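Protein chains: 2
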Amino acid sequence: MKYAIGIDIGGTNIRAALVDEELRVVRKEKRSSMDGLRENLIEMTDSLYGPEVVGVGVAVAGLVDREERVVKKSPNLEQVEGLDFGGLPGRAFSLPVFIENDANAHALGESKAGAGRDFRDFILLTLGTGIGGGVVYRGRLLDVAAELGHITVETGGVSCPCGNSGCLESYASGRAVVNAVVSEIEAGRETMLSECCDGNLYRITPLHIFEYALEGDNLAREVLKNAGRYLGVGIASLVNIFSPRAVLIGGGLANAWDILVEEAKREARRRAFDELIEKVEIIPAELSDDAGVVGAASLVFDGLMKQ
Amino acid sequence: MKYAIGIDIGGTNIRAALVDEELRVVRKEKRSSMDGLRENLIEMTDSLYGPEVVGVGVAVAGLVDREERVVKKSPNLEQVEGLDFGGLPGRAFSLPVFIENDANAHALGESKAGAGRDFRDFILLTLGTGIGGGVVYRGRLLDVAAELGHITVETGGVSCPCGNSGCLESYASGRAVVNAVVSEIEAGRETMLSECCDGNLYRITPLHIFEYALEGDNLAREVLKNAGRYLGVGIASLVNIFSPRAVLIGGGLANAWDILVEEAKREARRRAFDELIEKVEIIPAELSDDAGVVGAASLVFDGLMKQ
Chain A
16 MKYAIGIDIG
26 GTNIRAALVD
36 EELRVVRKEK
46 RSSMDGLREN
56 LIEMTDSLYG
66 PEVVGVGVAV
76 AGLVDREERV
86 VKKSPNLEQV
96 EGLDFGGLPG
106 RAFSLPVFIE
116 NDANAHALGE
126 SKAGAGRDFR
136 DFILLTLGTG
146 IGGGVVYRGR
156 LLDVAAELGH
166 ITVETGGVSC
176 PCGNSGCLES
186 YASGRAVVNA
196 VVSEIEAGRE
206 TMLSECCDGN
216 LYRITPLHIF
226 EYALEGDNLA
236 REVLKNAGRY
246 LGVGIASLVN
256 IFSPRAVLIG
266 GGLANAWDIL
276 VEEAKREARR
286 RAFDELIEKV
296 EIIPAELSDD
306 AGVVGAASLV
316 FDGLMKQ
Chain B
16 MKYAIGIDIG
26 GTNIRAALVD
36 EELRVVRKEK
46 RSSMDGLREN
56 LIEMTDSLYG
66 PEVVGVGVAV
76 AGLVDREERV
86 VKKSPNLEQV
96 EGLDFGGLPG
106 RAFSLPVFIE
116 NDANAHALGE
126 SKAGAGRDFR
136 DFILLTLGTG
146 IGGGVVYRGR
156 LLDVAAELGH
166 ITVETGGVSC
176 PCGNSGCLES
186 YASGRAVVNA
196 VVSEIEAGRE
206 TMLSECCDGN
216 LYRITPLHIF
226 EYALEGDNLA
236 REVLKNAGRY
246 LGVGIASLVN
256 IFSPRAVLIG
266 GGLANAWDIL
276 VEEAKREARR
286 RAFDELIEKV
296 EIIPAELSDD
306 AGVVGAASLV
316 FDGLMKQ
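Residue numbers (the numbering used here), protein chains in the order written: chain A, 16 to 322; chain B, 16 to 322.
Simulated from the structure, these hints should not be mistaken for laboratory data.
Possibly wrong hints are sitting among the right ones.
In this list, chains with the same sequence are indistinguishable; a pair is considered to hold if it fits within one copy or across any two.
As the list claims (entries may be wrong) - Below are the DSSO-like pairs computed for lysine-lysine, each with C-alpha atoms no more than 27 Å apart in a straight line:
(1) K87 with K321
(2) K240 with K127
(3) K88 with K280
(4) K280 with K45
(5) K321 with K240
(6) K280 with K321
(7) K280 with K87
(8) K87 with K294
(9) K88 with K294
(10) K321 with K127
Because the structure is a prediction, the values reported are computed rather than measured.
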């Protein structure tokens with residue numbers, strides 16, 4: 016059996032895994048992507064390396080240059096910009112290295128071994144710190160930027176780290192819901208969330224918001240519903256563009272499914288062309304935190320097969 | 016030499032043409048698509064028919080079913096909904112008939128014989144009564160709905176005939192600029208345009224608005240610039256999604272290039288990822304009114320070659 020090392024570098028964590036040819040995760044590790052990114056990458060791959068490893072696949076947030084194996088822009092993860100993945104030291108990095116945008120890699124993982132298996136045409140939206148996207152068309156990943164979090168849903172809307180204003184990501188991502196809650200509390204709004212995290216607002220996470228929403232907190236519910244509404248606006252635009260058969264929703268914020276995604280479904284149905292939206296299943300992604308490492312590993316097996 | 020009959024059915028006119036294998040337009044006709052659509056189609060194809068004609072290609076506004084050769088939904092052209100193009104009488108319609116969304120056909124025409132010739136990845140936006148779109152990816156038309164006029168740019172925006180609110184088309188199409196001018200005049204705004212068309216506001220066209228803008232009319236300039244700004248918002252989203260090398264702009268409203276499209280370029284540059292937009296040429300479509308008939312005819316030659 017051959018193996019690949021799949022690496023997924025997100026806003027806060029690096030995940031690395033040893034993945035076999037059947038795309039099963041054999042062993043995995045997780046470290047911070049905030050401090051010592053380069054050293055962590057080298058140590059993690061060294062630890063997962065073995066003689067049957069045939070290559071390394073890297074999934075990374077941002078705009079990647081596949082030939083040069085560098086990240087050209089990453090609004091949420093500046094420390095990877097310019098990092099030369101093909102030139103890192105360590106035994107693993109002397110093997111063939113493939114790089115892909117993380118959301119594209121997630122879509123590839125879901126397509127090959129997750130909820131996208133049964134669909135030739137689907138969109139994956141990953142609701143993390145930001146919003147990532149990937150488009151699978153006729154069974155293959157569409158090789159485009161697919162920065163689906165950076166479509167404008169409010170022309171005069173709030174500023175986004177990408178330089179635009181009114182991006183979908185600024186309304187329906189993990190960061191967006193946390194920002195909305197913090198602003199409301201700072202403006203004096205009453206909510207049980209102000210007691211969360213020993214009163215330290217800056218430690219509130221999307222998961223806290225979801226938990227308080229389930230306990231009936233009005234602000235928490237309102238913020239998640241509003242994010243869901245905008246997610247629905249984005250989904251409707253994407254359905255009108257791509258006429259997919261499924262929209263897969265992954266990432267941490269997808270845990271708030273019953274409140275946030277159900278609202279998104281309603282909004283998307285109201286907005287998209289009926290003939291298109293009625294054919295679309297809006298369903299959870301399956302691979303959860305493994306989507307990126309599995310997709311990245313599959314780049315290695317596919318890439319080596321082509322050579 | 017073989018010939019195909021290309022037909023392009025838009026919001027107000029049907030264009031039909033005899034097109035040779037080199038995609039040159041040999042002869043063409045134009046009639047209304049508002050009254051007697053079915054009869055006009057039959058008479059026009061009869062008149063263009065000859066023994067060297069090998070098939071008919073139809074480009075039509077709306078959501079088409081290529082297999083069934085019917086239009087499933089057409090917000091701007093309800094009279095074509097349900098019309099069975101494969102079953103129309105007449106010698107031409109007994110030949111193989113191919114059907115495609117008009118904006119997709121325009122993109123195909125531009126790709127094969129127009130401004131898209133030099134680009135493997137481009138988007139065509141046709142600014143007519145509404146806004147049509149087509150996406151060419153790696154030299155081939157992407158076989159998706161590509162309803163690029165129906166992406167949401169203002170979540171709480173104005174209602175669109177498609178059922179959504181805040182669609183790009185409601186801000187940057189021919190109909191949108193006319194509506195904006197008429198509303199302003201009805202609200203008492205002073206403008207030279209109120210003397211246009213013998214004072215009959217409902218006869219104002221986008222071309223009038225452009226002419227008055229060139230003469231320095233403030234309202235006309237303001238409305239075209241505002242439409243351009245929204246067009247730029249839409250282009251930025253599409254660039255962030257598709258990372259194309261060109262955006263081709265066609266349709267009647269593209270005549271207002273120096274005011275409207277130049278504003279769109281500025282806005283798109285402000286909003287899209289720098290690394291993507293700097294690679295994009297925003298240029299006029301070339302085939303003008305022939306894009307649809309040429310694209311439709313090319314469907315016939317390509318379709319027959321595949322059979």
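Hint by hint, here is what the structure shows:
1. In this assembly of identical chains, K87 and K321 lie within 27 Å of each other by CA distance solely inside one copy; the values are 25 Å within and 40 Å between copies.
2. Proximity of K240 and K127 under a CA criterion of 27 Å is satisfied in neither setting, with 32 Å inside one chain copy and 46 Å between copies.
3. Taking the shortest alpha-carbon separations for K88 and K280, only the inter-copy value of 22 Å comes in at or below 27 Å, while the best intra-copy value is 31 Å.
4. In this assembly of identical chains, the alpha carbons of K280 and K45 never lie at most 27 Å apart, being 33 Å within a copy and 43 Å across copies at closest.
5. Taking CA atoms no more than 27 Å apart as the test, K321 paired with K240 passes in neither setting, with 45 Å inside one copy and 49 Å between copies.
6. For the identical chains of this complex, K280 and K321 are neighbours neither inside a copy (39 Å) nor across copies (39 Å), given an alpha-carbon limit of 27 Å.
7. Taking the shortest alpha-carbon separations for K280 and K87, only the inter-copy value of 23 Å comes in at or below 27 Å, while the best intra-copy value is 34 Å.
8. Taking the closest pair of Cα atoms, K87 and K294 come within 27 Å of each other only across two copies (14 Å); inside a single copy the shortest separation is 36 Å, beyond that limit.
9. Taking identical chains as interchangeable, the C-alpha atoms of K88 and K294 lie at most 27 Å apart only when they sit on different chains, with a minimum of 15 Å there against 35 Å within one chain.
10. In this assembly of identical chains, the alpha carbons of K321 and K127 lie at most 27 Å apart only when taken from the same copy (17 Å versus 30 Å across copies).
When each numbered hint is compared with the structure, violations occur for hints 2, 4, 5 and 6.
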